[in-house]
Each structure stands twice: as C-alpha cells, then as structure tokens.
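Can you make the complete structure from the sequences, with help from the hints?
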Amino acid sequence: MSAFLSLRDAVAGLVRPGDTVALEGFTHLIPFAAGHEVIRQGIGELTLVRMTPDLLYDQMIGMGLARRLVFSWGGNPGVGSLHRLRDAVERGWPRPIEIEEHSHAAMAHAYAAGAANLPAAFFRGYIGSDLAAVNPNIRFVDCPFTGERLAAVPALRPDVTVVHAQKADREGNVLLEGIVGVQKEAILAAARSLVTVEEIVDALPRGCLNAVVLPSWTITAIAVAPGGARPSYAHGYYARDNAFYREWDAVSRDRDTFRAWMAANVTGVAAPQAEIDEARR
Amino acid sequence: MSWSAVEMMTVSAARALANDDVCFVGIGLPSAACNLARHTHAPRLRLVYESGTIEARPDVLPLSIGDGELCETALATVSVPEMFQYWLQGGRITIGFLGGAQVDRFGNLNSTVIGDYARPSVRLPGGGGAPEIASCCRRTFIVMRHSRRAFVDRLAFVTTLGHGPTGRERRALGLTTEGPALLVSDLCIMRPHPETKELQVTSLHPGVTRERVIEQTGWPVAFAAAVDDTPAPSARELEVLRDLHARTAIAHGVDAAE
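Chains as they are written, first to last, in the numbering used here: chain A, 1 to 281; chain B, 1 to 258.
Each hint should be verified, as a subset may be incorrect.
Stated by the list, open to error - Taking CB as the label site, the calculated pair distances span:
hint, chain 1, residue 1, chain 2, residue 2, range
1, B, A181, A, R259, 42 to 52 Å
2, A, R259, B, R149, 27 to 37 Å
3, B, S2, A, A120, 54 to 64 Å
4, B, D59, A, D254, 33 to 43 Å
Derived by calculation from the structure, the hints in this document are not laboratory data. Everything numeric in this text was worked out from a predicted model, so none of it was measured. No residue lacks a Cβ here, since even glycine has one placed at the ideal position from N, Cα and C.
As structure tokens, then:
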C-alpha cells in the first residue's frame with residue numbers, strides 16, 4: 001500500500017545517493033516539484049533516466065547531481081538546446097557526465113521490458129545507425145524463429161521512478177490521463193516509486209477518457225504537490241508554460257545566471273508548507 | 001502576394017501529402033506542413049504524433065510534441081510504448097517527416113554530434129524517434145534549410161539511415177521500406193535517383209538559380225534531366241498557413257516554432 005508523505009519526507013525516504021532514478025512524463029506531467037526537492041536535498045551521484053531530459057534534468061545536471069544520463073532526445077522542445085546538458089557533455093561542467101544514448105523506441109521498449117520483468121527488450125531498431133557503435137548497451141540478436149536480426153537493449157529497472165499524476169484517492173490509488181507517456185511502465189519497472197499528485201479525492205472518477213489507473217500496491221509513496229508539474233502541464237488543471245520554456249534558453253545559457261536562478265527559485269525555497277498540511281489531512 | 005523562403009518550404013512539403021496518408025509528425029515545420037495540407041487539399045490526412053496521439057486535429061500548432069491540444073483533438077491517445085510498438089514498428093505509418101543538423105547526398109541524417117562522439121564540439125539533441133521512423137515508415141520526407149553546413153559531403157555521425165553510405169545499404173540491411181523519397185529545402189525539391197538513390201534536384205523554387213543550390217550544397221549536387229519550377233505558393237495556401245500561425249500565436253502567447 002502506498003504511504004502518504006510530505007514531498008520532503010517522500011524524497012528523503014525513497015531517493016538515495018547513487019540511485020538510478022527515472023523522473024518520467026512525456027512533455028505532459030513532468031514531476032518538477034519532486035525533482036526540485038531532490039535538488040534541495042542535494043541527493044547526488046545519480047544515474048538519471050528519462051526519454052526527454054527536458055528542463056528538469058537540465059537543472060539537475062547543472063546542479064551536479066548526475067553521474068550518468070540515459071536518454072533518447074536531449075533538447076528544449078520547440079526551442080533548442082539544453083545548455084546545462086551541453087555544458088556537462090562538451091566541457092565537463094560542473095562535472096563530467098557519462099551518457100548512454102538510445103532512440104525513443106529503444107527506451108519505450110526497455111521500460112516495457114522492465115515492467116514485464118524481462119531482462120531485455122527486442123525490437124526492430126537502430127538499423128544502419130552509428131548509435132550502436134557508441135553505446136555498448138545496444139546489441140543485436142537473431143530471432144530464433146525467423147532469423148531476422150533484431151536490436152536488443154537491457155530492460156530499464158530504476159531503483160526509483162518518480163511521476164506526477166492528476167489524482168489519488170484516499171486508498172492511495174492513482175489516476176493520470178491525457179498524454180500518458182511511459183509512466184505506467186516506468187512505475188511498474190521500478191523497485192520503489194513516488195507519485196506526486198495535484199489533489200487527493202474521495203473516489204477516482206469513473207469513465208475517464210484514456211485514464212491510467214495505478215493501484216495503491218504498485219506505489220511506494222504519494223505526496224500532494226499542487227502545480228507539481230509546472231512549467232510542464234497537468235491536463236485538466238493548468239497549461240504548459242511555453243513562455244518559461246523559451247525564457248529558460250537565456251537563463252541556462254550562462255553558468256552564473258543559471259546558478260542565481262536555481263538559488264532564487266529552488267535551493268533557496270523550502271518545500272511549500274501547504275503540501276505537507278494537505279498530505280497529513 | 002509575397003512570401004518567405006520558409007513559407008515556400010512549408011507549402012512544398014504540404015503539397016506532397018495525400019488524403020490517404022498516415023503521417024508521423026514532428027514539431028515545427030513538419031507540423032505546420034501537415035496541418036496546412038489538412039486544411040487545404042488533404043482534409044482526411046491522418047496525423048500521428050509520437051506522444052501517442054492518433055488522428056490529432058489541432059486547430060493551432062503545438063509547441064511541443066505532447067501539447068494538450070493534440071490529445072484533446074485526437075481520435076485516440078495511446079501510451080508511448082504502444083505508439084512505438086504497434087503503430088510505428090507495426091508498419092501503420094505511410095510517411096515519416098525527418099530533419100537533422102546534417103544531411104548527406106543519400107539522405108542519411110546526423111542529429112547527434114558535431115566532432116568526436118566522446119568529446120563533441122557541439123552536442124546536438126539526439127535521434128529521438130528518428131532511427132526507427134526512418135526504418136519503419138513506408139517512406140520518409142526530409143525537410144531542412146539549405147546551407148553548406150547542413151548539406152555535407154560526409155556526416156560527422158549517422159544517427160538515422162537514409163539510403164546508406166553508398167545508397168545501396170537499405171536492401172542489404174533487410175529493409176523493405178523506401179527510405180527518403182523527398183527532400184524539401186528553402187531552395188529546391190530533391191528526390192532520389194531511381195537507381196543510385198543519390199538525391200538530385202527535381203524542382204527549383206521561384207527565383208532560385210542552379211548556381212545558388214550548387215553554392216549551398218556541400219557535395220557536387222546533381223540535377224535531374226528535367227528540372228521543374230516549383231509553383232509559387234497560392235494565395236489560398238498562404239492565407240491558410242498564416243491563419244494557422246496567427247491562431248497559434250494567440251493561443252500560445254508566443255510565435256510558433258516556424
């Protein structure tokens with residue numbers, strides 16, 4: 001059964017230095033509040049896993065928390081580069097970062113394999129791509145039935161997966177809807193899981209379009225974090241802050257500007273008290 | 001009515017799409033081209049975005065691949081693993097739109113690094129969905145702005161297979177899909193030679209000379225036996241495209257990507 005914790009206690013209890021951590025959400029429902037709490041607590045030496053690192057991993061990498069990054073597309077969607085990621089890869093600032101680079105298809109299949117408790121994922125991929133030459137975790141096998149050469153990648157099995165969702169009920173079951181990404185697979189693939197939610201409701205609504213419901217016994221901890229996906233969005237609650245995604249380009253381009261922004265908006269700010277009160281209610 | 005080079009590019013790409021196509025759409029120019037086609041000559045064109053939205057019918061252009069507008073207007077929204085397993089790998093997509101930082105004469109693409117992989121001079125965003133879009137869609141369209149930096153003799157890194165380093169690799173690798181069938185730039189339209197698969201100029205946009213294309217291409221560019229003049233954007237095409245961008249700007253409070 002999932003435990004209701006404050007965001008601070010949930011992150012402190014579930015995310016440990018050196019962990020392989022997946023904070024997932026495909027453009028929608030990116031768990032920024034939880035990621036910011038990881039930054040505030042300075043939990044480092046992490047292997048960060050995410051299909052699209054987005055601004056959140058740009059921030060975590062820029063703060064020096066990541067030893068390694070497993071990813072498939074590392075840009076600022078519709079804007080351009082992730083400058084902190086680039087600085088780490090190109091110039092080793094604030095520390096060198098190892099990268100394990102995949103395609104989207106590979107990451108999606110690898111999460112699904114993790115959820116299915118398989119050691120690896122097999123799919124038709126990486127044909128003619130140099131990625132296989134630079135990533136030893138991309139290999140090929142022959143299909144035992146047809147002889148077709150298929151790509152193989154290890155299953156993703158994070159120590160902890162963190163996602164943001166719209167609602168949890170009082171039993172700790174979780175509902176997310178809209179663009180649901182790889183969150184279900186990432187949760188089921190992980191040893192521990194933390195879900196931040198917009199709100200706790202008496203009962204999950206019935207008949208939701210395209211809803212993913214995760215039973216309480218698949219989730220380690222739930223923390224209430226209204227607005228916890230901003231500047232990403234939560235369908236039915238608030239829209240994506242596109243202007244912020246553009247502004248981030250200038251903020252993140254310069255190391256000092258970046259550090260000043262993080263101090264003013266993340267590390268110098270306590271986890272909002274309202275979240276803690278809500279969770280304890 | 002005057003128009004920009006980017007508008008010419010978008011209109012050219014849109015014209016290549018047909019009513020019965022199922023299109024795997026990327027953000028930016030491909031998305032503008034697909035929605036322009038849907039609002040003009042191909043109202044039944046089916047748009048699939050990698051965030052899982054199938055038959056999305058957005059009224060404004062999305063700024064990210066996973067905008068809420070796509071989900072709200074889609075016939076169905078599936079998970080990302082399902083999108084890549086059943087829909088892309090399953091062979092349900094007829095056209096994949098691709099771009100990159102660099103393209104070579106056989107339509108191979110680099111979107112990974114400039115320089116050495118381990119210590120790159122420029123770290124690019126990476127392949128995302130492209131490596132499998134390139135192999136699984138029935139054919140692909142490439143959309144890129146023409147320049148010597150982008151149209152190169154030799155790629156720094158092959159992220160995404162086109163027709164292969166010599167133009168003959170697709171069949172050798174067991175692929176039955178066509179690969180790059182069309183490249184639209186701001187100067188011209190290129191299509192692969194039927195036998196060699198080398199991209200050659202088949203149409204020049206209004207006002208563009210052969211010399212300009214030669215100058216902006218990093219390999220000795222070939223021209224088809226008959227080179228057409230790309231028809232200028234019609235008043236209707238421009239009106240629909242500009243309306244789309246205007247609606248997008250109002251909805252997002254910022255300009256669209258392209």
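Hints versus structure:
1. B:A181 with A:R259: 42 to 52 Å: holds (48 Å)
2. A:R259 with B:R149: 27 to 37 Å: At roughly 32 Å between Cβ atoms, B:R149 and A:R259 fall inside 27 to 37 Å, so the hint holds.
3. B:S2 with A:A120: 54 to 64 Å: holds (56 Å)
4. B:D59 with A:D254: 33 to 43 Å: holds (37 Å)
The structure shown violates none of the earlier numbered hints.
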